[in-house]
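**Student:** Residue numbers (our numbering), protein chains in the order written: chain A, -9 to 81; chain B, -16 to 220.
Certain hints may be false.
[As the list claims (entries may be wrong)] Pairs of lysine to aspartate or glutamate residues, derived as EDC-like cross-links and limited to a Cα-Cα distance of at most 16 Å, are as follows: (1) A/Lys52 with B/Glu85; (2) A/Lys52 with B/Asp165; (3) B/Lys21 with B/Glu(-2); (4) B/Lys208 with B/Asp80; (5) A/Lys52 with A/Glu71; (6) A/Lys52 with B/Glu2; (7) B/Lys21 with B/Glu2; (8) A/Lys52 with B/Glu132; (9) A/Lys72 with A/Glu45; (10) B/Lys78 with A/Glu63; (11) B/Lys78 with A/Glu45; (12) A/Lys52 with A/Glu69; (13) B/Lys99 with B/Glu132; (14) B/Lys78 with A/Asp59; (15) B/Lys21 with B/Asp1; (16) B/Lys208 with B/Glu132; (17) A/Lys72 with B/Glu53; (18) A/Lys52 with B/Glu173; (19) B/Lys99 with B/Glu109.
[As the list claims (entries may be wrong)] Derived CB-CB ranges, DEER-like: (20) A/Lys72 with B/Thr(-1): 36 to 46 Å; (21) A/Asp59 with B/Asp37: 41 to 51 Å; (22) B/Thr13 with A/Arg75: 25 to 35 Å; (23) B/Glu114 with A/Thr62: 20 to 30 Å.
I should point out that these hints are in silico values taken from the structure, not numbers from a laboratory. Backbone N, C-alpha and C define an ideal beta-carbon position, used for all residues, glycine too.
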Amino acid sequence: MSVGHVARAFEAAGIPNAIIMSKVFRDRTAAMSPPRVLLTRHPMGRPVSAPFDVEKQRGVLKAGLELLDSATEGGTIIEYEKPYRTGPFDN
Amino acid sequence: MTNTGNRSNHEPSKETFDEFRNSFSYGSRTDLFFKWMKSGSADLAAGFLQELLDLTGHLIDDGDTRPIVETIINAQAEAYAGPGSFEYEDGPFTKLDQPVSESRVALLTTTGHFVKGNDPNPFGIENLTQEQATTMTAEFGRADPVLSEIPTTTSAANTRVRHAGYDIRASASDRNVSLPIDRMNELADEGVIGGFVSPAFSFVGLTSQLRLRNEIGFEWAARAKAAGAQAALLIPI
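Bound conformation, chain B alone (with noise of 0.2 Å):
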């Protein structure tokens, strides 16, 4: 008999510590927080399990979250060791001809954040839950990335995100997490920036990175620099 993982199964467990962990990363256990101890070693995350419930026992104590961020933080850097994909000796280098207190600065996050009643409907799909979206990785990998154009004057309340790749929660919360709208109006109005180039822009990072390599990528560009780019913050999730 296969066993999912599904906790409701009250029939006797056969489940493998490997199908446990794995379980967390688009199984019956989905919590794309964690999702990186199926990307890891099994020793790494049953080295973190463990460590995790040693460092709760001492937080419902002292209340210190400190150790608990460290380790999570120190558990997905292992997990994601290593080059991926792709690796370039070299690349290329821009000066920035002016001080950015001078800059037009852009800003471009790979979130998957857009505008209230300007959604990307992904495949075609309106509506398109986050829930939906964790169930469909392959399709994104293989889909061309769509960039949604949010004016820097949206409001938080409308804008939206979703991304079938990263635990959405606290981007969900405040999108200045990972597509910091507020606080680069607010540099611009300061003066530490010469201008925030508008609209900002997100995609879904989860997406077919040859086609954003060879075409895509470039195109973006051109449209950046017709919004008045003079230079860039790029933030991936």
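Chain A on its own, in the form it takes in the complex (with noise of 0.2 Å):
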């Protein structure tokens, strides 16, 4: 609930912004009415990506970006496509 205050707050003070999170809190987070969410299929504590999934890192972050440009309403959400990976990946 805490990012719900803190989207709020930032919008509210003229910062658009974007959430990107697991899925597993969707309802509570959308109750509050957030300016944009993007969900990921990802369990909790893995809200990004599995450990050094670099691939999936940057793909979540430029479709987060990407809602910033295209967002027209509050309050919209949208799922990231591709399911969580797991590793090993290189680091």
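These two chains come separately, so use the hints to put the complex back together.
**Tutor:** See below:
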């Protein structure tokens, strides 16, 4: 819930923002009417990717950033299509 | 006799299933990745464990982790389904004045990251460990949130994480799992964003929600603006 308060405060202060989060907490965050949300199909504690999944990290961040450009109204929630990938990945 | 759920206790167990599943949430079997078994129903936890065992049988033969991951995600989502304590019919919305490729973007997470040597020292305790923190959830929930500043040139080796509310293993292994500083620096270098605001920000999301909502969130927005933020990515854990 913390992120919902921050998102609303930042938006009200004129800082457009997008939340990137696991879909596990979708209902709780959506209930707070945040401006923009990108949901990932990831388990708790791994909102962006598995450790060292650099390709996924880049893809998720780009999708979140694109949401800043594309959203035309508050409460925009989309889901990142690609599922969680387990490692190991190179680091 | 009260059964503590301690596996070293060799006396005949009288532990109920509810006691068992609840023990993963700040109990004798604390495991923050599975603490949701207490939040959901007994049927959810029982069904999950049965499916997990079945899928483990498949995993050792085919090595495919995807069904287990999906099962975990679905169970976690069901356990936390529905609104929390805060519901709003609508909210503020500010359109970005320029493309994101021309915008200075800030990063703020609820993950509890901080810079080595600049520990926020919750409750005045120096070198608080993750294990100690997990015994202090009530204290964290009542306390004011503290925002750590993490210069975007901070190395991974000098980045620390501690949080009483979630399984930090992945974030401790690779900060980019939840504090993607390295990737944001790359995206700035490539021109995907106009700039990456330094410092990045992080706090422990397990905190006083009312203080955060009523005052501190606005103070942090002012700090982000002062740092040059024109937009932000927010990453909760």
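**Student:** All hints, please: hold or fail.
**Tutor:** To see whether the hints hold, each was checked on the structure:
1. Note on A/Lys52 and B/Glu85: the hinted pairing holds, with a Cα-Cα distance of about 14 Å set against a maximum of 16 Å.
2. Of the supplied pair hints, the one linking A/Lys52 and B/Asp165 holds, its CA atoms being roughly 14 Å apart against a limit of 16 Å.
3. The straight-line distance between the Cα atoms of B/Lys21 and B/Glu(-2) is roughly 15 Å, inside the 16 Å bound, and the hint therefore holds.
4. With a C-alpha separation of about 14 Å, the suggested pairing of B/Lys208 with B/Asp80 holds against the 16 Å cut-off.
5. Between the alpha carbons of A/Lys52 and A/Glu71 the distance comes to roughly 13 Å, so the proposed pair stays at or under 16 Å and holds.
6. Distance hint between A/Lys52 and B/Glu2 is unfulfilled; the C-alpha atoms sit about 43 Å from each other, more than 16 Å.
7. A distance of roughly 9 Å separates the Cα atoms of B/Lys21 and B/Glu2; the hinted pair therefore holds under the 16 Å criterion.
8. Between A/Lys52 and B/Glu132, the direct Cα distance comes to roughly 23 Å. Violation of the 16 Å bound is thereby established for this hinted pair.
9. Note on A/Lys72 and A/Glu45: the hinted pairing holds, with a Cα-Cα distance of about 11 Å set against a maximum of 16 Å.
10. With a C-alpha separation of about 8 Å, the suggested pair B/Lys78 and A/Glu63 falls inside the 16 Å cut-off, and the hint holds.
11. A C-alpha spacing of about 29 Å is found between B/Lys78 and A/Glu45, which places the hinted pair above 16 Å, so the restraint is violated.
12. Distance hint between A/Lys52 and A/Glu69 is fulfilled; the C-alpha atoms sit about 13 Å from each other, no more than 16 Å.
13. For the hint pairing B/Lys99 with B/Glu132, the CA-to-CA distance comes to about 11 Å; that is within 16 Å, so the pair holds.
14. This hinted pair checks out: B/Lys78 and A/Asp59 have alpha carbons roughly 8 Å apart, not beyond 16 Å.
15. At most 16 Å may separate the alpha-carbon atoms for a hinted pair to count; B/Lys21 and B/Asp1 meet this at roughly 8 Å.
16. A distance of roughly 14 Å separates the Cα atoms of B/Lys208 and B/Glu132; the hinted pair therefore holds under the 16 Å criterion.
17. For the hint linking A/Lys72 to B/Glu53, the alpha-carbon distance of about 12 Å falls within 16 Å, and the restraint holds.
18. The suggested pairing of A/Lys52 with B/Glu173 holds, with an alpha-carbon distance near 12 Å, which does not exceed 16 Å.
19. Pair hint B/Lys99 plus B/Glu109 holds up; C-alpha atoms about 12 Å apart against a cutoff of 16 Å.
20. Here the CB-CB span from A/Lys72 to B/Thr(-1) is close to 40 Å, well matched to the stated 36 to 46 Å.
21. For A/Asp59 and B/Asp37, the Cβ-Cβ distance of about 44 Å falls inside the hinted range of 41 to 51 Å, so the restraint holds.
22. A hinted range of 25 to 35 Å for the beta carbons of B/Thr13 and A/Arg75 is consistent with their spacing of about 28 Å.
23. With their beta carbons about 46 Å apart, B/Glu114 and A/Thr62 fall outside the hinted range of 20 to 30 Å.
Checked against the numbered hints given earlier, the structure breaks hints 6, 8, 11 and 23 and satisfies all the rest.
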